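Number of protein chains: 4
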Amino acid sequence: MEEYLYRLDFQVRDYEIDMQGIVNNSIYQNYLEHTRHEFLKEHGIDFAAYTKGQINLVVVRVEIDYKFPLQSGDRFWIGLNMFKESRLRFAFLQDIYLLPDDKPVLKAKVTGTSLNPNGRPAVSPELEQAFAKLDLQK
Amino acid sequence: MEEYLYRLDFQVRDYEIDMQGIVNNSIYQNYLEHTRHEFLKEHGIDFAAYTKGQINLVVVRVEIDYKFPLQSGDRFWIGLNMFKESRLRFAFLQDIYLLPDDKPVLKAKVTGTSLNPNGRPAVSPELEQAFAKLDLQK
Amino acid sequence: MEEYLYRLDFQVRDYEIDMQGIVNNSIYQNYLEHTRHEFLKEHGIDFAAYTKGQINLVVVRVEIDYKFPLQSGDRFWIGLNMFKESRLRFAFLQDIYLLPDDKPVLKAKVTGTSLNPNGRPAVSPELEQAFAKLDLQK
Amino acid sequence: MEEYLYRLDFQVRDYEIDMQGIVNNSIYQNYLEHTRHEFLKEHGIDFAAYTKGQINLVVVRVEIDYKFPLQSGDRFWIGLNMFKESRLRFAFLQDIYLLPDDKPVLKAKVTGTSLNPNGRPAVSPELEQAFAKLDLQK
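So the sequences go chain by chain: A, B, C and D.
In terms of the working numbering, the first sequence opens at residue 112 and continues consecutively.
In terms of the working numbering, the second sequence opens at residue 112 and continues consecutively.
In terms of the working numbering, the third sequence opens at residue 112 and continues consecutively.
In terms of the working numbering, the fourth sequence opens at residue 112 and continues consecutively.
Hints may contain errors.
You can't tell identical chains apart in this list, so a pair holds if it fits in one copy or across any two.
Stated by the list, open to error - Pairs of lysine-lysine residues, derived as BS3-like cross-links and limited to a Cα-Cα distance of at most 27 Å, are as follows:
no.	residue 1	residue 2
1	K195	K220
2	K220	K178
3	K244	K178
4	K163	K152
5	K244	K214
6	K244	K163
7	K152	K195
8	K163	K214
9	K195	K244
10	K218	K178
11	K220	K244
12	K218	K244
13	K152	K220
14	K178	K163
Honestly, the hints are just simulated from the structure, not real lab data.
Predicted, not measured: the structure shown is a model, and the values here were computed from it.
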């Protein structure tokens, strides 16, 4: 088991289940997004406030390996690590584990950037500082 | 404030927010469904297990009054009451309150029935017993 | 069959199907919303543009009767009528029919209002005009 | 512009838009899934029928590059190519283009397999035949 900067616990809800009786593939992106936003908020970066201030944090690439499907009622957790990939890009490694045995469910890498009010990739000084506090050097 | 048989706590997730910056109208039905299923499971009625056994619990009518919109990060709770409306129909009264001040967000009445494997409305003896334990007489 | 002011055709997509093998209850609100927005746009009321202009068209009440469930691949259409319910409220009657036999699937009444940039119910002159062109007197 | 085996046209619906005023990242997986299922159905592989027959077509890996965001009302199309990646894996290349100028929106590679009723990866003879007709050798 890897070490994670952040962990968030979840439970599957029945409306997330599709006709195969498992959580639909797209729903995992919801889980991953919620985890990133909660993590960022805990470190002073409020996605909704940034959006209102016309700084848009956006995803530019997603890689997801689906290993084992979640089912109705399953409890699970998401572990998150973050690092700077380049001057303008940051990456989240996010893994899902089924409780209580921590069976691997999904591994994802989500790469994002920040767009300024003109829509150009630009990490604001404020965001730079928040990331610096996170000490995201790998 | 009314008394409720059951309460479930939630937090808004950012993917539930629409372009108006508030939780999209349809999402509240997800919250309400999850609350009903959790309540029923606690009383021995597992929606997913019933579905696998070809007993389908279905909604036949929904009435929702939207009073105040939920926003990013809001914490809220849903109170639930249930009663038998007729031999074949049961109703859930479900109200949403914003935390920490219990501001009313939404009031709903959701009416359901049970379909047997032939698709006919029919409350199985097992389901009848579970409801009886719930003492759902109004 | 009633007469409708507007009709929009749809096809069920598999990600809208839940564990019961039918379209999840909340998804119908998506279909209904999309139909209202397309209808309004055709009459000069662009929901997204209004939102950007801080005029928020919001739903205050929904009543939905679920009559027959939609399944994978089903083609269906939604008929819409609209009328003014009061000075500040307008109502949409929206019915869903399964193709090719127009089997009734769902009947809904959705009541809305318009909020001005201060969040107060207020129908702007521009909106009043658009509604007048629609000749929404019952 | 690449050549595609299959093309499906779409229009953004307002409930798919998130607080940033663009289609939420997870929604694109819905678009992609719907396109794959329509393509497969046209070639005799009905996802829902397979699911009922306990043959589950599942996604094992997704790679998505987000290039330009879709907004309210946007019309777009998805081009799809498919090839066999190995004896048990098939891959879909799916690209989204904004209409009317075919501006690139998203590029995705989705890898899937087929699970037999015991949950083991296994391509049934029937599925093998359907794929053979598709002539999926690259």
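Evaluation of the provided hints:
{"no.": "1", "hint": "K195 x K220", "result": "both (13 Å within a copy, 25 Å between copies)"}
{"no.": "2", "hint": "K220 x K178", "result": "both (14 Å within a copy, 17 Å between copies)"}
{"no.": "3", "hint": "K244 x K178", "result": "neither (33 Å within a copy, 29 Å between copies)"}
{"no.": "4", "hint": "K163 x K152", "result": "both (15 Å within a copy, 26 Å between copies)"}
{"no.": "5", "hint": "K244 x K214", "result": "neither (32 Å within a copy, 36 Å between copies)"}
{"no.": "6", "hint": "K244 x K163", "result": "within (23 Å within a copy, 35 Å between copies)"}
{"no.": "7", "hint": "K152 x K195", "result": "within (18 Å within a copy, 43 Å between copies)"}
{"no.": "8", "hint": "K163 x K214", "result": "between (38 Å within a copy, 24 Å between copies)"}
{"no.": "9", "hint": "K195 x K244", "result": "within (12 Å within a copy, 46 Å between copies)"}
{"no.": "10", "hint": "K218 x K178", "result": "both (8 Å within a copy, 22 Å between copies)"}
{"no.": "11", "hint": "K220 x K244", "result": "within (22 Å within a copy, 35 Å between copies)"}
{"no.": "12", "hint": "K218 x K244", "result": "within (26 Å within a copy, 34 Å between copies)"}
{"no.": "13", "hint": "K152 x K220", "result": "within (20 Å within a copy, 31 Å between copies)"}
{"no.": "14", "hint": "K178 x K163", "result": "between (37 Å within a copy, 22 Å between copies)"}
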